[in-house]
Amino acid sequence: MILNLIAPLGTTEGLGIWIAAFLTLCIFSFLYKDNPFYKFAEHLFVGVSSGYYISIYYWNTLKPNMIDELVKGFKALGQGNTQKAFGLDESGAVMAEPHLRMLIPLMLGIFILLIFISRKNAWLSRISFAWYIGVASGIAIPTAMSTRVLLQAQGSIRDFCSYNSDCATSAGLDPQVATTALWINAFLLLIGTLSALAYFFFSLPSKGALKVMNKVGIYFLMISFGASFGYTVMARISLLIGRLQFLFYEWLGITIS
Amino acid sequence: MNIWDKLSSIDRRWIFLAMAIFVSWPVLKPLGLPVTTTKEVESLYSFIEEIEDKKPIILALDYGPSTAPELTPMAKAVMRHAVSKGIPVVGVSLAPDAPGVANDIWKWAEEELGAIPGEDIAYLGYKAGTTNVILQMGQGISKAFPKDYYGNNTDDLEIMEGFESLKDASLVLGLEATAIMDLWIQYAGDQMGVPVAGGMTAVSAPEAYVFYQSGQIVGLMGGMKGGAEYELLVGAPGNAVQGMDAQSLGHIVIIVFIIFGNLGFFLGKKGQDVSRLKSLRGDQK
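Read top to bottom, the protein sequences are chains V and Z.
Sequential numbering of the first sequence, starting at 76, is according to our numbering.
Sequential numbering of the second sequence, starting at 4, is according to our numbering.
Chain Z extracted, bound-state conformation:
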């Protein structure tokens, strides 16, 4: 077995170890690698910056703990921005595992940002039915959510004054780990005419860029990088910015191992066997 064969048959545990080391290192000792902002995130920031009539933002927290490292930094950064501008934030969830994560964010907003529940922020909780819930919110927010997550009557909340239906929202920002984003775009955006923006997990983000390009959403944050960009734009670097160094080193490790794997394949015995087989097939033709 020559060196190329060894390269193509590295025990996967060495890859895991390398990944653990190179991701842990910047988490413990940040390297301060630069993070640049993109126009998709900048346009979301500008959109919120330009909201003047103080109509509420609907923050759709449609994700659970498994994708919280990517999406929670986005939620916190946007809430920080909205609260600092005096724009009310009303949270809803169409994913059943979201309320626990959302409750943590709402408590954080109360303690860290000094947001007053019921006045500056409100969380209406989870409701099953995705499409039906969005359509019902179009008829009336309290029809879909008669009570908030904490048991208060939705109509009694100060934040709901003049906020009858989804159509009265200044923006719907969907923080999504699933295909619920499509539904917000379809029904809230294209059907009701409410501006929609997205904060997507990195896995889902590539599918959402087409909606930004076509003008169906006003902004887009993709994965931890999107969250880091928004944290920088609001001037409060948090977990996402801290994680970007680790993200970069993690990608370098993956790239290096992909190169190793390919070199090992093409220059090792396996690749030579394949090319010999191909040439034999060519001879037969």
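Next up, chain V with everything else stripped away, as it sits in the complex:
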């Protein structure tokens, strides 16, 4: 381990490193107890984040998609070119640039804001929400059903097919040589899926076979919660490691030999 000079404060990069190190230590100070340094860093973070997101959404979304298009549209309208103003070419076909067609989403956006501005006209927001929910559902539901339900259900018995060369070939899967461990794994997956599903089946009293399945389901759920907890711990420690690597390597200039 070699300790070099601390990041030079005179350069832009060095100044950035010093500020980042100071703010990191301010946040860490909360671990002892709440204090003005932590409060300062916290408020700064909230302010900078808000400013950053507003700026990003303005320059990446609002300006190019709305403001610029409306400016172009009104300019074309001023020149008497109505077709171009509404994003249509000379033959009347729809162009990629919407220009004044953006007035429709602008209007829908204003309708949503009416909730906060005018109680009397707030009902207009329903038109926007109806359109938004309708489009979003139309796009999401069929694919979500396939990705999250059908292919997942298929996946829970996929291994049984993979271990049979005829079945694997006809289903377009890579045939696998089934070892005892793989068979056990495939059965565990199937039992786990069915029993966890059974645990959330409330239409019958939990008696007999269903009670047994519920019990097994609880154990599978507990194991999955344990795995999630382990991963969450790993995630949090990773962030701590990331900050420590920054403080030790970049700020203090320590190099590991």
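Everything labelled a hint here was simulated from the structure, so no lab data went into it.
Glycine is no exception: its CB is placed at the ideal position from the N, C-alpha and C atoms.
Treat the hints loosely; a few may be bogus.
[To be verified] Pair by pair, the computed Cβ-Cβ distance ranges are: (1) R15/Z x I94/V: 27 to 37 Å; (2) S299/V x S12/Z: 24 to 34 Å; (3) D8/Z x L225/V: 50 to 60 Å.
Go by the hints and put chain Z onto chain V.
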């Protein structure tokens, strides 16, 4: 107050101190604990290894600085692998706080790997709209991203020759801190038929394993461990491998304190009170 009661009421600051010591120690003096690779990461490595037609990889950097310690090592390791094999890498972001992190990675790739911007690598920047952006990329990359992050026309970039739409990509690798991974799988993978792989923060990784098991993704890196595995596979240990010693000691500290807490509860006054209460309830029944 006996020793068990003391154990169950340790001041949380002692736990923080223990964690700070045991995580700092291996960061300063690596212990060299072994890191083994898993089949989820190996299959991603093999998939990239077997790409022969040099069709670009879409690297979706959908994360910001808060999860960079977990996901940046993955991005760097995969870029190192792709560039060394001559596979172009095109980066996109569907998370608004991603461009700063992505820009750092792209600069690193230029300096460290000698990748030529516009030829070997390109970063198209951030675009709002998640699902819509993915669907638009399916119709044409330059429709969704007319210019790259640095202001160049996307169609003018050499890397874009023959790369018209998302369907022309050899792989979409989503480095994700949010649920955007689901959208890549749904639209790019299941709908357009493009192979998809994931690099997830550890918090999100357990939910993604089901997609690997069902064959909907070709590989998966979970948390810092996933990044460390890929670094080892490409033979260039970096920050993730360095962090794994600290990770192991950190977990040991957590396990020890969980044991302390449980011993303190069950053998201390609180646990005895609970069991007395339970027996009283039993008597009443």
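- Task: Confirm or reject the claim that D8/Z and L225/V have a C-beta distance inside 50 to 60 Å.
- Result: holds, 54 Å
- Message: Range first: 27 to 37 Å. Now tell me if the beta carbons of R15/Z and I94/V are that far apart.
- Response: The hint (27 to 37 Å, Cβ to Cβ) holds, given that R15/Z and I94/V are roughly 29 Å apart.
- Query: Measuring from beta carbon to beta carbon, are S299/V and S12/Z in 24 to 34 Å?
  - Reply: holds, 31 Å
Comparing the model with each numbered hint stated earlier shows that all of them hold.
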